[in-house]
Structure formats: C-alpha cells, structure tokens
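This is what each chain is made of:
Protein chains: 2
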Amino acid sequence: MTDRPNIVLVVMDDLGYGDLSCMGNTILRTPRIDSIAAEGIALRHMYAASAVCTPSRAALLTGRYPQRVGLVKVLNPRHDTGLSSWEYTVPELLRDAGYRTAMFGKWHLGRRPEHYPTRHGFDEYAGLLYSNDMHPVELFEGEEVVTADVDQAALTRAYTDHAIAFIERHADRPFFVYLAHTMPHIPLHVEDEFSGRSAGGRYGDVVESLDHHVGRLLDRLDDLGLADDTLVMVTSDNGPWFEGSTGGLRGTKLHTYEGGIRVPFVARWPGRIPAGVVSDEPVCLFDLLPTLAGLAGATVPEDRPIDGTDVTAVLTGGGSRAEPRPLFFFHWWTLNAVRWGRWKLHLDRFPRDPSRAQDKELPQLFDLELDPAETYDLKDRHPDVLDHLTGLAARFEAEMVAQREAAEARAAGR
Amino acid sequence: MTDRPNIVLVVMDDLGYGDLSCMGNTILRTPRIDSIAAEGIALRHMYAASAVCTPSRAALLTGRYPQRVGLVKVLNPRHDTGLSSWEYTVPELLRDAGYRTAMFGKWHLGRRPEHYPTRHGFDEYAGLLYSNDMHPVELFEGEEVVTADVDQAALTRAYTDHAIAFIERHADRPFFVYLAHTMPHIPLHVEDEFSGRSAGGRYGDVVESLDHHVGRLLDRLDDLGLADDTLVMVTSDNGPWFEGSTGGLRGTKLHTYEGGIRVPFVARWPGRIPAGVVSDEPVCLFDLLPTLAGLAGATVPEDRPIDGTDVTAVLTGGGSRAEPRPLFFFHWWTLNAVRWGRWKLHLDRFPRDPSRAQDKELPQLFDLELDPAETYDLKDRHPDVLDHLTGLAARFEAEMVAQREAAEARAAGR
Numbered sequence: 001m002t003d004r005p006n007i008v009l010v011v012m013d014d015l016g017y018g019d020l021s022c023m024g025n026t027i028l029r030t031p032r033i034d035s036i037a038a039e040g041i042a043l044r045h046m047y048a049a050s051a052v053c054t055p056s057r058a059a060l061l062t063g064r065y066p067q068r069v070g071l072v073k074v075l076n077p078r079h080d081t082g083l084s085s086w087e088y089t090v091p092e093l094l095r096d097a098g099y100r101t102a103m104f105g106k107w108h109l110g111r112r113p114e115h116y117p118t119r120h121g122f123d124e125y126a127g128l129l130y131s132n133d134m135h136p137v138e139l140f141e142g143e144e145v146v147t148a149d150v151d152q153a154a155l156t157r158a159y160t161d162h163a164i165a166f167i168e169r170h171a172d173r174p175f176f177v178y179l180a181h182t183m184p185h186i187p188l189h190v191e192d193e194f195s196g197r198s199a200g201g202r203y204g205d206v207v208e209s210l211d212h213h214v215g216r217l218l219d220r221l222d223d224l225g226l227a228d229d230t231l232v233m234v235t236s237d238n239g240p241w242f243e244g245s246t247g248g249l250r251g252t253k254l255h256t257y258e259g260g261i262r263v264p265f266v267a268r269w270p271g272r273i274p275a276g277v278v279s280d281e282p283v284c285l286f287d288l289l290p291t292l293a294g295l296a297g298a299t300v301p302e303d304r305p306i307d308g309t310d311v312t313a314v315l316t317g318g319g320s321r322a323e324p325r326p327l328f329f330f331h332w333w334t335l336n337a338v339r340w341g342r343w344k345l346h347l348d349r350f351p352r353d354p355s356r357a358q359d360k361e362l363p364q365l366f367d368l369e370l371d372p373a374e375t376y377d378l379k380d381r382h383p384d385v386l387d388h389l390t391g392l393a394a395r396f397e398a399e400m401v402a403q404r405e406a407a408e409a410r411a412a413g414r
Numbered sequence: 001m002t003d004r005p006n007i008v009l010v011v012m013d014d015l016g017y018g019d020l021s022c023m024g025n026t027i028l029r030t031p032r033i034d035s036i037a038a039e040g041i042a043l044r045h046m047y048a049a050s051a052v053c054t055p056s057r058a059a060l061l062t063g064r065y066p067q068r069v070g071l072v073k074v075l076n077p078r079h080d081t082g083l084s085s086w087e088y089t090v091p092e093l094l095r096d097a098g099y100r101t102a103m104f105g106k107w108h109l110g111r112r113p114e115h116y117p118t119r120h121g122f123d124e125y126a127g128l129l130y131s132n133d134m135h136p137v138e139l140f141e142g143e144e145v146v147t148a149d150v151d152q153a154a155l156t157r158a159y160t161d162h163a164i165a166f167i168e169r170h171a172d173r174p175f176f177v178y179l180a181h182t183m184p185h186i187p188l189h190v191e192d193e194f195s196g197r198s199a200g201g202r203y204g205d206v207v208e209s210l211d212h213h214v215g216r217l218l219d220r221l222d223d224l225g226l227a228d229d230t231l232v233m234v235t236s237d238n239g240p241w242f243e244g245s246t247g248g249l250r251g252t253k254l255h256t257y258e259g260g261i262r263v264p265f266v267a268r269w270p271g272r273i274p275a276g277v278v279s280d281e282p283v284c285l286f287d288l289l290p291t292l293a294g295l296a297g298a299t300v301p302e303d304r305p306i307d308g309t310d311v312t313a314v315l316t317g318g319g320s321r322a323e324p325r326p327l328f329f330f331h332w333w334t335l336n337a338v339r340w341g342r343w344k345l346h347l348d349r350f351p352r353d354p355s356r357a358q359d360k361e362l363p364q365l366f367d368l369e370l371d372p373a374e375t376y377d378l379k380d381r382h383p384d385v386l387d388h389l390t391g392l393a394a395r396f397e398a399e400m401v402a403q404r405e406a407a408e409a410r411a412a413g414r
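The listed protein sequences derive, respectively, from chains A and B.
Numbering follows UniProt numbering, in which position 181 of the first sequence is assigned residue number 181; successive positions increment by one, without gaps.
Numbering follows UniProt numbering, in which position 339 of the second sequence is assigned residue number 339; successive positions increment by one, without gaps.
Check each hint, because a few of them may be wrong.
Label-pair ranges, simulated between beta-carbon atoms [as the list claims (entries may be wrong)]: (1) A/E369 x B/R173: 48 to 58 Å; (2) B/R352 x A/G271: 20 to 30 Å; (3) A/E369 x B/G271: 41 to 51 Å; (4) A/K360 x B/H388: 54 to 64 Å.
Covered by chain B, per the in silico footprint, the following chain A stretches (three or more residues, Cβ under 8 Å) [unchecked claim]: (5) 148-161; (6) 367-377.
Looking from chain B toward chain A, a few residues come up when the C-beta cut is under 7 Å (computed) [said to hold, decoys possible]: (7) I186; (8) S245; (9) W333.
Derived by calculation from the structure, the hints in this document are not laboratory data.
In this text, a Cβ means the ideal position worked out from N, Cα and C, and glycines have one as well.
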C-alpha cells in the first residue's frame, strides 16, 4: 500500500478566503502556504459546512452535515453536548485503515471525556478544547490539562513542534496529522519575532507566523524525504470575523453569504497533484472523509448518511462533476442558503437584520459566475432555477428537522 | 452674474458605491451617468454624513451634522419630528441668492406642514415624503396629496419629467433642481421597457432606467443650450442595502464601514470642470452647502455651526486640502467612526454583532490607502494616530451630545 499518502490537514481558525497572497492578497505575505498552491492545487470554491466553528468542524470530521451530528451551533465550556461516540470520524476511519493519527490544536466538539479527541480516533492530542476567547483557556495533552496558564503567543509554534515530532516518530508508516491552529481567532497573540513585522497589523503578524510554521512543517517533510508521500492541505473553518479578508466576497463569519463560508484551500502532493492547478469546482470540507478514505484504502460507513463525496478527481487535477450537486448552508436548524452549480439561493438571513426588513427582499438568487460578490438578485429572471432550488431546500430542511430529535439526543449522549 | 451655474443635484436612494460602470461595475450599464464622469469629475471619496436616509439628507440640505439638526435616525410616518423651520437649507440659500428652486422625489425630513419641502426653500415640489416601503405611499404635488395610489414604476420618469419641465420654464435664469429619486430603494419597480433588460436583475433594470432618465435630462440641457451653464451632480444618500454593489468596500447601508457611507459622486460643468478628472480627496455631501453658496454668490449663515467646507477647488479640478480634517460618522448619538486623512477609526459598531463580541476587537484603525476594504487593524502599529483620533472623537461626540436636547427640541418644533 505504498501509494497511500501520509495526510497533513492544517485548519486555521477564522482565516479569511482572501488572507493568502495566493488568493490575491496584496498586504500580507504568505510565501510558504503559497508554495503549496504553486506546487499543487488551489480549490477556489471550497466551502466550510457552516459559517461558525463547531458545526464546521463537526462536518469536517464526520463527512456529514452538522445537523445530522446534532452540533449546529458554537459550543462553549458550559455546554454538555459534544461529538457523539456513535459518530465515525476521519481519524477513526484512517486509524482503522492502519494510519497513526494525531491532532494538535482546537477541538471545539465537546468537553466531556467521551468527547475528547482521543476518544474519536486520535492516538495523540495536544491543544485547547475551545476557542481561545473561551475561559478557562486550558492546554490539554492527551486527556489531561497540563496548564491553565497558556501562553497563547507560543501556541502556533508548539502545535507545529508537536506535529513535526509526531511525523518524525512515524515517518516509516502512514500517518494523519490534523493541525487545527488556534490562530487567527481573537484574541490575537504572536511570538515576538513576528510582532510588528507584517503590513497587516497584528492579524497580519499572526497570519505570517502561521505561514512561517507551515513552512517549518513542509521543510521537515522534505528533510525526511516524505514530500512525495504526503498530501498536505491548508484551509480554514469559516470566514473571517472582525478582521481578515474575504477577497471581496460578501459577508463574514456568521453569514452564509460567500464570505462567511468560502474558505481558502491549497493542497500539494508531488507526483499526484500537478503543479499550479486552480479549480473552481464547488467542494465542501465534508468531502474530505470519503476522499481521504479513497486515498487511504479505507471504508466509508454505509450505516448512516454521508454527505461528502469522493472528490479525488478534483483534488488531483481539477476534474469536475458532470452534474452539480446542491450544498446546503444552515444557521442552527434554519436553512439559509443553497449553492447549486453557478447559482446561490438565499432563503434566510443571519445575523438577522436589525431593520427587520429581510422579508422584503428574500429569497435572493445570485449567479456566482457573473456576480461572485452576490450583488444582484436574479430570482425574477430565472424562476425555473428559483423553483428548483426552493424545492431542494424545502426537502432537505425537512429531512434535517425530522431527525433533529435523534441527532440532538446523540450529541447529548442519550 | 452669468458665471453662476444652474445646479442639478440628482440623489439616488441606496445606490451603491460600486453600482456604476464608471466606478468599476462590470454587470450594469450606466453610460449616461458615466458620461458625466468622462466629461467632468468623479469624487471617489465622497461620503454621506450618515449610513441611513434621513440623517444623510438632513446633512446634505443643511451643511451640518445630522446631530446638530436633531435628525439622527430614519423617520417614518408615525414620527412627528422633522426639519426645523430654523434650519437654513441649500434651497433657501440659493433662493435667497436669486435662484428658482425645485425638488422632485423623496424628502424624508418630516411629514407635518412646517416640514414640507415648500416650507424649506423649494418653489416647487412633487414626490413622496418617505421611502417607498413606508405606508401610505402618497404622491405630493406642492403641499397636496394628489394620489395615494402611486404607480411606483412610473416615478423615475415622472420625477424626471417634472425636472425637465421646470428647467424649460426657467431656462433664462439660475435654477436649482434637487432630483431625489425614490429608486433603487426597495420595493424595486421599473417601467416595462426596462424590465428584464439588465444583466443585474430587477435592481439592474432599475439602475439602468435611472441612467436612461439622467440621460434624458442631460440631453434636454444640451438641447436648451444650458450644458455649459449647468453643474450636474449625481450621487446617493448611503450605501446599498440588500442588493447593490459597494465596489468591494466593507459593509452596507446601516454600517459606518466604508460600504455604508461612501457614495458615488460624479459631476460635470463643461468649461469649469476639466474632463476625466478623478479625485480621492475626502469630501462629504454636507460640503455642498458652502460649495454651492460660493458658486452662487450666496451667503453661508454665521449664526450656527456649518460643518461643510467650500470644496470648489476639489470639485473643479481635483484640488486637495493642505491638512486633513476629520469626518465623523454616528449611529444615532453614538460616534461610530472617524475618517481623517488616510486613516479610519472605528469606535463602535452598528448593527450590533449578535455574538456581542465587539468589545473584543474595537477600536479598529484602518489605513484606507493601503487597505480600502478595512481588513487589517493597525491600532497597535500607530498608537499616535489612535490617540489623536480617539481624542478628536471624544471631543466631537461630547459636543454633539451636549447640544442634543436643543437639537431635538428644534426637530420637534418646540
């Protein structure tokens, strides 16, 4: 099985679609992440399954809509719910296929022992269970809190050191590293050596430090002779929040406009992904589960709905789907938006507009090829598309709502 | 006084900064408005004094911050307040200087007789007193309601017909026409001949019809031999709302990010404004009062604070200020933002973020030259600028709040 790649998945927290030089940014410098795109592929229509952290990560790890997992909103340390033991995750799937697995960074899928990363397929874990603005900010190693006095400025380096050490220890066999950086989520902290270095202020310093540490990881893979055997991916969990660039897309984190859900995604795998490919095929982070399963020779569970599809053809060369599939974007249990081919339908709005006028203009139908910034509503021009997507949306929302009770019971451990 | 120009001021309602071809739009076609920029000037850093209608228009007509006028939020037909008789407006100033004055379109500065446009300097008026989504939608002529069964699709043409007829009747003497279009505020209505014509959906149809009717007005001025004697300006009252382009600027109507307050502004005055000038000098619509006073040989009142300054040098050739002045942007009585030179400071946020996390990241300081999309906060990098603007803001907000009671009393007619 020498074709099976090692897999390194780097997820930044709240990094914007437009925050990387290779995505058009002219203020920040991200040469090392850019090099991944240059040596591999940039998927310019990669979506997070949600505009906020917890549901996005739930979908990423399970290949399923967050609603199926019962984790539809952001968890905080007061919540008792979390990722059910019944869910089958990317690391479980890869571990079952013979991979050694490790996670370093932000979990955000529950705080009870049964929710811990180590109970969901990761052989090793170090990191924060929550966002870095949720207190207490406790650093876990395995299942133990090693400090509640976390130096946030040291986290990016520390996670990277953990990842490199894990890779060094497992260089002889397939491994999966999920490196879920705490930054650039606020509060922004950065090592002294990067402080004041970027033209983009503290946020820029943080992004440039993340880039530097991604570079260290790439260098180590190269040094170990693992570059050709390792699929490295860098992405984000949702759009930017108070700072950060959407690259001109509308909305930010929290919104299901493109700026809230479209995420940067670059990947390299020399020999398998040609250099410099750019794809505009719509893809979602929940596609990673079946895709990585295919690459790893692992089995996708058949006893539950898996929403992701195997996008290996896209990832390894920019293939495209014969027929578009719909991608649905919720706020909690409300279906806000549907992407289908070039079209995007908005049915609801969050945050709710304080003028309470949203009923005056919804639904909205945008042509993302013509109008990537979601500027001009075309519902009057394309009633057939409106009808089709409205029907798809209604059926899918009904399906999700129908299984709400069961999904929430699983997330609550009942 | 043959040098005194006729003045035509066209204000669209909620038209976005990026909705015109001459402002970079690639979807909508606005050749007639573009021709104004081509034959004259585009001011790319023109601001409305507020991110919503009523305060923006109060400032436009008085040359003063909306807080001084006591009109800080959007009026609706249930409100009794309005533009005080004590205020001295652009049309009063021009009428006092010998101009014939007329207004056609949306007023939005009060509903009581003493608030009517005809009581504030306009010899003639026809239009809606409110936004077209506020009921009843009544069409006024002078001080009488002529119909409560308004055909909104006919308004753009009807206002333009009124303006043209007024110009024809007063072609021999200086005139001022304030053409305050109801569109593209929602609900969007458009004549059949424009319906379905634009690539930008119904909103695009509406904008293209506005462009067509601006063209009719330009043509009539040309036919009458008045082109060289007439300053024609086209602008908007705030950023776009549910549709419409900010041209990549952050935020929309309601926000004091640039997308909510920066408005398109083009002007032509053959012989006085050179063709094809583009200026990035920060200007505000409340500058029109002293500027037009200068052009008309009129007198700016000295018995009250006037916040606008005479920007004739900018308007007629792209001059710039030796020293930047601060421009302040409020939500109601709260000072949200300050523009000063290349800098923009954000102190508060509206709409309030539902995550209630705004205290985590405010204030924000952006360098609009480097970062026009207000992406990366530089407050840590420029503490001197932060201190200076924070001080300016605190003093100005205190000044406004100190005169709140008096301003509100005037607006209430007490």
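Verification of the supplied hints:
1. A/E369 x B/R173: 48 to 58 Å: With a Cβ separation near 53 Å, A/E369 and B/R173 satisfy 48 to 58 Å, so the hint holds.
2. B/R352 x A/G271: 20 to 30 Å: 51 Å, violated
3. A/E369 x B/G271: 41 to 51 Å: 44 Å, holds
4. A/K360 x B/H388: 54 to 64 Å: 41 Å, violated
5. 148-161: With 0 residues in contact (Cβ-Cβ under 8 Å with chain B), the coverage given for the segment 148-161 of chain A is violated.
6. 367-377: Coverage by chain B holds for the segment 367-377 of chain A (6 residues, Cβ < 8 Å).
7. I186: 5 Å, holds
8. S245: Because about 5 Å separates B/S245 from the closest Cβ in chain A, which is inside the 7 Å limit, the hint holds.
9. W333: Constraint on B/W333 not satisfied, violated at 16 Å.
The structure fails to meet hints 2, 4, 5 and 9 from the earlier list, while all remaining hints are met.
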